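Visitor: Sequence:
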Amino acid sequence: MQIFWLKRNLRLQDSEPFFLSLKCWRAFGRVLPLYIHEPELIAQPDVARQHQAFTQETLAELATELQALGGELLQMVGESVAVLDRLHQCQPITRIWSHQETTQHSQYQRDRQVRAWCRAHGVELMEVAQNGIARGAQPSISFPEYFSKSVNLTLRDPTGAELSARFAPLPVPSCELHDIPLAAGADRPLRQAGGRSAALTALDNFFTIRNINRYPFQISSPNTAWEGCSRISTYLAYGVLSDREVF
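Mind the numbering: the sequence shown is residues 192 to 438 in this note's numbering, read in order.
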């Protein structure tokens with residue numbers, strides 16, 4: 192069984208880990224899409240209830256997208272290593288696919304622990320680079336070079352495909368909403384809505400002649416940015432949209 196591990200890149204479109212995991216399902220096993228609600232990360236000072244609610248709305252829509260393809264999203268509560276260990280005991284994991292992320296130190300430490308677990312259990316961790324950002328000893332790439340490559344790519348979109356044979360059945364039931372620890376604070380009534388459809392609406396609203404024309408003149412000041420900004424940064428930060436889709 193392969194794991195398609197969703198962390199902050201909460202999309203199926205232009206997702207190389209998702210595409211590549213499904214492509215090699217015959218050699219390495221069927222694919223289990225997985226999101227882990229991690230109590231230690233939820234308790235971090237940079238996580239608040241509105242972030243968590245946005246994520247849950249996005250996951251709900253993503254789960255519906257997966258069902259349309261013939262798959263199912265598994266959501267579990269626990270620390271990543273413990274969750275992966277439990278799944279590995281239910282059905283051996285051959286590969287874990289994810290995007291390589293550059294986030295907070297807490298997520299970096301989590302990734303190190305998962306990497307060590309994979310080495311100890313003979314599981315391949317396939318982290319796919321993204322955004323042209325170099326990490327560690329990786330060679331860096333200039334933005335013009337990254338941009339020129341990105342705009343010439345054909346972006347993969349699985350929508351409309353029938354892929355049920357490539358997905359693994361859930362080895363354990365998904366968690367319930369009430370099982371997930373609540374982040375600090377309260378939800379914000381005027382925050383942006385989570386989900387792919389809301390992201391595409393924001394993108395379409397921005398790419399009009401009127402909004403594009405005023406963007407360079409209004410984005411720098413907080414007095415005018417309220418009306419002049421794109422409102423897509425949230426969807427980029429959580430990977431609901433990719434930068435290449437925006438290009």
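In case anyone wonders, no lab produced these hints; they're calculated from the structure.
Every value quoted in this text rests on a predicted model; they were computed, and no experiment measured them.
Do not take every clue at face value.
[Stated by the list, open to error] Here are the computed lysine to any residue pairs in the SDA-like style, where the Cα-Cα straight-line distance is at most 20 angstroms:
#1 Lys198 / Ala384
#2 Lys198 / Thr285
#3 Lys340 / Leu316
#4 Lys198 / Asn322
#5 Lys340 / Arg240
#6 Lys214 / Ser365
#7 Lys198 / Ala254
#8 Lys214 / Pro335
#9 Lys198 / Ala325
#10 Lys214 / Arg240
#11 Lys198 / Ala374
#12 Lys198 / Ala356
#13 Lys214 / Leu316
#14 Lys214 / Ala325
#15 Lys340 / Phe210
#16 Lys214 / Gln204
#17 Lys198 / Ser365
#18 Lys214 / Val272
#19 Lys198 / Lys340
#20 Lys198 / Gln409
#21 Lys198 / Glu318
#22 Lys214 / Gly327
#23 Lys198 / Glu353
#24 Lys198 / Glu315
#25 Lys214 / Thr425
[To be verified] Distance windows between CB atoms, simulated:
#26 Trp417 / Pro362: 21 to 29 angstroms
#27 Pro236 / Arg401: 32 to 40 angstroms
#28 Arg405 / Thr345: 13 to 21 angstroms
Glycine included, every Cβ here is placed at the ideal spot set by N, Cα and C.
Visitor: When you check the alpha-carbon spacing of Lys198 and Glu318, does it fall within 20 angstroms?
Guide: 12 angstroms, holds
Visitor: Under the criterion that the straight-line Cα-Cα distance not exceed 20 angstroms, is the pair Lys198, Glu315 satisfied?
Guide: 17 angstroms, holds
Visitor: Lying within 32 to 40 angstroms: is that true of the beta-carbon distance Pro236 to Arg401?
Guide: Given a distance of about 39 angstroms, which is inside 32 to 40 angstroms, the answer is holds.
Visitor: Mind checking the alpha carbons of Lys198 and Ala384 for me, to see if they're no more than 20 angstroms apart?
Guide: 18 angstroms, holds
Visitor: Checking one constraint from the list: CA of Lys214 to CA of Gly327, max 20 angstroms. Satisfied?
Guide: 28 angstroms, violated
Visitor: Starting from Lys198, check that the Cα of Ser365 is at most 20 angstroms away, please.
Guide: 16 angstroms, holds
Visitor: Lys198 and Lys340 were given as a pair; does the straight-line alpha-carbon distance stay at or below 20 angstroms?
Guide: Answer violated: Lys198 to Lys340 is near 25 angstroms, above 20 angstroms.
Visitor: Given the hinted pair Lys340 and Leu316, is their Cα-Cα distance within 20 angstroms?
Guide: Given pair Lys340, Leu316 is violated - Cα atoms ~26 angstroms apart, limit 20 angstroms.
Visitor: Do Trp417 and Pro362 keep their Cβ atoms within the hinted range of 21 to 29 angstroms?
Guide: 47 angstroms, violated
Visitor: Hey, Lys214 versus Gln204, does the alpha-carbon distance stay inside 20 angstroms?
Guide: 15 angstroms, holds
Visitor: Below or equal to 20 angstroms on CA atoms is what counts here, so check Lys198 against Ala356.
Guide: 24 angstroms, violated
Visitor: Next pair to validate is Lys198 with Asn322; report whether the Cα-Cα distance is within 20 angstroms.
Guide: At roughly 15 angstroms apart (the allowed maximum being 20 angstroms), Asn322 and Lys198 satisfy the hint.
Violated hints for the displayed structure, listed by number in ascending order: 3, 5, 6, 8, 10, 12, 14, 18, 19, 20, 22, 23, 25, 26 and 28.
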